[in-house]
Amino acid sequence: MKAGKGDVALVYALGGILFLITAWIYWDYYRPEWKGYQSGFRAQIASRFGEDRVRQIPTGLQQVWVEELNRADRCVTCHLGVEWEGMENAPNPYRTHPPEILKTHPVSRYGCTICHGGEKYATGVASAHATASPHWEEPLLYGELGKAYQINERPALLQINCNICHRADKQTDGADYINYAKQLVEEKRCALCHKINGQGGVIGPDLTYVGDQTPEHFDYSRLPGKPSVFAWHVAHFKNPKALAPESTMLNFSFGDREAQALTMLMMSWKRTKVPTAYIPRAKMANLPPAEPQKESPAPAGNK
Amino acid sequence: MPAEKTIWKQLTWPWKPESELEAGDSIVRNILLHWFPSKITLPSLSYRYSFWLGTSSAVLFAILTITGVVLMFLYVPSVERAYASIKDIEYTVAFGWFLRGLHRMGAHLMVAVVFIHAVRVFLTGGYKNGMGAHQNRPVNWIIGVVLLLSTLLFSFTGYLLPWDQLAFWAITVGTNIALAAPLVGEKTRFLLLGGNQIAQGALLRFYVLHCFFLPTFVLLLFAWHMWRIRKDGGLACVDQLALEQKREKTPPVKSKTYSLLGIAGTRTVHVETALVDEDRHAVNSSPYLTRRLLLVTLATLVVSSLLTIVVPAPLEEPANPSVTSNPAKAPWYFLWLQELVADTTVRISGLTLNGALIGGIIIPGVLVGLMLLWPYFDKSSVRSVGVWFSSERKRQNLVFLIIVVLILALTFIGTFLRGPYWGIYWPWEAWPDLPKHF
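Just so you know, the sequences run in chain order A and B. The numbering of the first sequence is my numbering, which starts it at 1 and goes up by one. The numbering of the second sequence is my numbering, which starts it at 1001 and goes up by one.
Just chain A, same shape as in the assembly (with noise of 0.2 Å):
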């Protein structure tokens, strides 16, 4: 009969390819990226403290679950040498995280991407930097980022969210550029015209919450190269006339680290997401107290 001519080696045909295809899904469930880690991580125990470490490794994903931060960060699943003593000079991810910051901020009780940035969910090179990714708006705040931005002091640009939960210090151990930062606003007296934790002047526009303005915030059209928050910034402290001609903030000729400083500051004040309890009490910074710190008088009638 002409009609199923054909049709039994069809069936066959894309019988096999369909197998090829759940094939080919099988084997690259057992090859993710992070396995290829894992076994290199477990190599450089092997031949650093014998086989017998290599059992201690844990395998598979892993992922530091911090409830109180809402954070799942999985970067140990690659970065398995950070708690690990004696791999300080192990090329990255196996390094050991320097241990002196982990004395006060534990993995289990931090996570990463609070302080580094990076993308929590991710289990994959670029996805996890976030980087390249147009996809992720924190990407991880590393050397090389830094190295783009031309800041001396490379991995800098994580004081910015060192300065999340260390907001009402004066002075943050490690975190330079902030510092620097925060004495310049009080140096320049920025609170005259611009109101910084719900005080100061008008003329500017309040800068509480500067860091959560969103990149499409800005005007771009005078800002040469690609367009980010973190240039407008630092062009704008340079010399906020060339960006917004209309400006009347002062020229105060920031050099190059002043401006970077200053950026980071500015990108550092957003709304906070962390519990009290990660907040440092407040070392009386000279600045004038945060809004939300402020007790409100008890409602009447309700002693």
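What the hints contain is simulated information worked out from the structure, not anything from laboratory work. Be aware that one or more of the hints could be misleading.
[As the list claims (entries may be wrong)] Only part of the chain B face toward chain A is listed, based on derived beta-carbon distances under 10 Å:
| # | residue |
| --- | --- |
| 1 | Leu1166 |
| 2 | Asn1326 |
| 3 | Leu1434 |
We put the beta carbon where it would ideally sit given N, CA and C, even for glycine.
Using the hints, position chain B against chain A.
Structure of chain B alone, referenced to chain A:
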């Protein structure tokens, strides 16, 4: 069936009948196949007439149901958790990326296949009654149009669920078009969103529509659609066959009355055949129809799986009502509407005439209305039933094709040529750098 048959034999007999009786039985006595005729005409089996698009869309619906049910175990329909649960499906659930990708690709394909199916039925005059008694193909056409609209709504409600920027702004564009409808626009949008904004209420409504109401509705309509095909004597091409037979002046064939599963002795179920000489023009459904069903199922699975692997499913930033995506685009199958809205929006020195009413409501409304009623306007003769590009229907086919091409062209422009600020960018032109934090 003889008792000595092995289990394997019992499983395969619909595909390998050993006698005419077994071939007939394998259809009638099988719960999965009993809604098919036991004999099928050669034109109905051919690819050239139907391209098997209806079958393919049913297979896609099955794929979507299966992947969708699994996804329901993994997805959380809350604004706090939805996005994160999709990220988990992508990154940590075993085969999660494929599950989500296949569901997404299946949905896109289903919209396309159902649309092409409707185009095929129109161009072949498949909605017209032919030779058989008690035919009512126009009703089945209307059911088909409602199925097409349901498919669009199905896909549209699913679009919001990932709760990323793509989802949020596509639904914003889509529901804002509804806002332009006079009198009922605002109420409709409110009803759909469970409020004035796209928030938790909207997410939950879309979820329930997507996972319960629409599947049930489509399944019921699908059953009705299939039942009507049987009542109408099969595909319209069968009527053409009967007509040719009549012209050949072959001796008349007796009309048949099948009794229900051969159990009841009296006349119970009447299946009006179009008086086709089955010996010459028909073959046993088992194995010819069943095998081809399997073939189309496999082909649909292969195509959708391959596309899933080649085209990754996008997931943008979490939904943010205060940052508009640039460009903000409706789902692709509504982009011809968005394009129409944009093109019919007129700005005269500061005064803006919004095109949403014309482009978003009136034009698609008229088109859907015409589509529903067309079988009753089409006065062509029985010679145009089930024939590709019948000369009698030349003018209506031409107008229909022009509308289809216009819709496709507008969809193409909206999908591939529109860039930031709704400007035109050719595929080889790079879009300008959009600002980022770093």
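Practice problem: Hints the structure violates: just list their numbers, smallest first. | Solution: none
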